[in-house]
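Asks: Now for the letters of each chain:
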Amino acid sequence: MYLCTGKILRVNLTTKKVSTLNTSDYKEWLGGHGLAVALFFDLVKDKSVGAFDPGNTLVIAPSYFSGSLIPAACRTEMVGIQAQSYPYEWFSRTNVGGRFANMCKYAGFDAIVLEGAAEKPTWINIVDGDVELIDATNLWGLDTVDTQKVIFKNVIGSAGYGKWRATKKGETIQRPSVLTIGPAGENRSRLGAVITDAGNAFGQGGFGGVWGSKNLKAISVLGTGSVEVADPNELMQVRVWAEKNYGANVDNPKINAWQEFITSHFGGHPNRGWAPFDNQRRASGCTGCHLNCKPRTSSGYGNESICVDALYYQNWDLAKHGKITEITGYAADLAQRMGINSFELHTELAYLKTLYDKGVLGRGKKIDTDIPFDKMGEVEFIQQFLTQVAFRKGIGDDITEGIPRAAERWGRYKEDTESGIMAAMFWGYPVHYDTRAEVYWGYASIVGGRDINCHDFNVPAYWMPSLDIPAKKTPIVTAEQVAKWVGEMPPYYDPEMMNFATSNIYSVHMARTTAWLLHYSTFWKQTCGLCDNAFADFVNPYGPDNRGITPEGELKFFKAVTGRKISFEESLEMGRKMHNLNKAIWTLQGRHRDMETFPDYVFSVDTEGTSYVPGEPPSYYMPTKENGKWDYRNVVPRHLDKNKFEEWKTRYYELEGWDPKTGWQKAKALKELGLDKAASELKAKGKLK
Amino acid sequence: MGKDNGDNKNSGMTRRDFVKMSTTVAAALGGAAALTLPSRADAADAKAQTASPSKMFLVVDQKKCAGCMSCMLACSMVHEGSSNLSTARIQIIDDAFAEFPNDIEIAVCRQCADPACYYACPLKDKALCIDPKTGVRYINKKECIGCRKCIEACHFTPSRISFNLKYKVALKCDMCLDTPFWKQTGKQACVEVCPQNAIKFTSEQPSGHKEYNVNLRGEGWAKLGLPTD
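Residue numbers (the working numbering), protein chains in the order written: chain A, 7 to 695; chain B, 1040 to 1268.
The following block holds chain A by itself, in its conformation from the complex:
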């Protein structure tokens, strides 16, 4: 099998038994998410286990494309029962970049299955196919950076980094790639992240806490092996074609404000928008990437930290000091050293500050804390705050459960979700793109198991018009053109998928938008491993007529590395199959249609949008069609209608071939997809229609 090593590592942490499975037995699932969900389904007999139960099994799977020269494909997927979602611990996925995916394959494995729980702290050392479970007592309590440094020295030995060293199969000068948790994960935080290198994280899902519950501190991989592809010459030609025709030219960049936010465009370039550090000096990238979106700084603080890694404390730093100081980078690093999910911190701090301002939280207040909220923006505050969260001290013991559970402990959940001051939006995850405006984002999240975090439509549907229009600039692609391009996509061929007018947001068209997003992302991004920062690529200032590389690029890449020519429709059908296997697990966990809804404020409180241009009112510009005419129009203020949302759910379930009354799958549809095993298990549990 091209792109595969042929072996899946299976580690039982309870018994310390190490074994392997043959990747060829899972050939149809390719790699990444497809392979991971198939393994989870087969190996976990009781899928209703809790996140911290030793029966929870985690599968870590490098993406199918990883290890090869395909750009922006060094992603690793992890699945299992998550700790973050509220009120249910849904089966979920999380994803990380960096070096791990490639190095895992070079070390000999297409996936790593982690079962059981170790009796005492353990780390796993994998070098060229050799696997060793090692006592991690000396690492327990160390932060993620120090842990990696100790493991680097352990694996590299006396030769030192940057010198040739022999393994049993080859020679290398490279460091191992290490996944590790920090103190937050050790203390079973639902905000616990798994970190690799300086700023790459399995962030969402609270899987760091799950690792902690398994006494698993770290996994190190080092390999000298190869990844074979069907046609190296073709892959080289395609890579160069993609870079030269769709990639950014860093020596003559085209500057648009929305390119400062590298979300799903292949022509993204290094920039200061996502990495706001004044002392940024270099752009760095994951293995094989062409985007290189991560910063390196002259101080080292903030290295590899982008978006919320920096943003979560940036505005507090700015408010306190009138400028972004080195504290932003320090805070970014500290969260990652502790192994805490920065995304949740971002919204969490705003909520806690609101409670502080209301006089509810603070020293001697109802929610009593010695964390100095009057010093937000300073080092002193963030040190105390993150330490309490990571080590479950003071109110950190509540916050580390995630804000919805903390609010519940404080007796505030109902009040604060009705008012919307606690901006949890989908399964307790913080608001990301607001479902009251960018509806498909919330829809895909709520029929899934987490903040969907798929930016595929996000450039034309939000960033480009919402930054350009208030700034009196004309977007480089019209709303009508965007709709036309999306309308050329199988299987729906429906331009109305891009119509975000209020009259269209509960329609079958928006059900198609949601389904397309889920099927595309599951196959191309989470399984093949194309990075969400680069794909899907609809609008691209470097492409012909400003059009992106999707779907031509994806299909060319697939053909070069596998030798198989597939149609785009086939790829989306594979994504649909994988999504259906996710769905079967959720149903086996107890999911029912009635559970899939948003907090009250989504149905009663308007979102106002954001003001990006000083003096301009907040807005949220999206493609809409009104009176037969396409344009980018401001869709806010807006909130969702609960009854109409329920009607949308019916349309979505019917589109997926699911029972609209329960949201459960149907035997016939699962059989057609080749998911007979899932159908049998659902039937045995009485959850198949």
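Hints listed in this document are in silico derivations from the structure and should not be mistaken for laboratory results.
Positions of the beta carbon are idealized from the N, C-alpha and C atoms, including for glycine.
Straight line, CA to CA, 20 Å or less: simulated EDC-like cross-link-like pairs of lysine to aspartate or glutamate:
| hint | chain 1 | residue 1 | chain 2 | residue 2 |
| --- | --- | --- | --- | --- |
| 1 | B | K1226 | A | E240 |
| 2 | A | K22 | A | D136 |
| 3 | B | K1207 | A | E177 |
| 4 | B | K1249 | B | D1100 |
| 5 | B | K1262 | A | D284 |
| 6 | B | K1205 | A | D134 |
| 7 | B | K1205 | A | E234 |
| 8 | B | K1188 | A | E177 |
| 9 | B | K1222 | A | E240 |
| 10 | B | K1207 | A | D134 |
| 11 | B | K1262 | A | E266 |
| 12 | B | K1205 | A | E177 |
Each pair of labels, with its calculated beta carbon distance range:
| hint | chain 1 | residue 1 | chain 2 | residue 2 | range |
| --- | --- | --- | --- | --- | --- |
| 13 | B | K1181 | A | E678 | 49 to 57 Å |
| 14 | A | A356 | B | P1266 | 30 to 38 Å |
| 15 | B | K1207 | A | D31 | 28 to 36 Å |
| 16 | A | E125 | B | K1222 | 50 to 58 Å |
Since chain A is already given, all that's left is putting chain B on it; use the hints.
Replies: Frame of chain A; chain B shown alone:
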């Protein structure tokens, strides 16, 4: 605030190169020479007469490199048919925790004027050869006996010549004169795929460390908010 970067990585290519080169030169010329180190070019001149000069070189911008290792994946693939960090003839040494510019180093063969690897090869002109047309120093894998003498002789750390443990042959940059898995003429895979344009081909012999490590950052780079100095 000070940043703790205390791991076992050496401080930088420049210093490492210099230290090893100095040691080599000092050993060759006697202890006294260590006090007045000759330049790299001077050392090269002493032996240049025995090796015809190369007309093909790679120069790199260490400050522009993103550490993405695309060059390594491409290099190994076009030469060996599969991506492999260990068989890449160009190596990236990346420390994500270090401060710029000490975080990334590009280790690339310099096609030296005094090719110590060439002199050290017991099968000189059969295994380690000089292309008569281009002057490129390359390894004929069919003749290589895997003695490692070229690896040990290389002036630099890490050695710019790697070793394929499976086939017991040395691997070295050949400026992509022979890419059995990539149909092309006159291009270098690393140059073609580098998204940062941080590797550049030149036919002019760089005369020293500074000329191999060039500044390829211009106005466009500055527009991205990144330094050009």
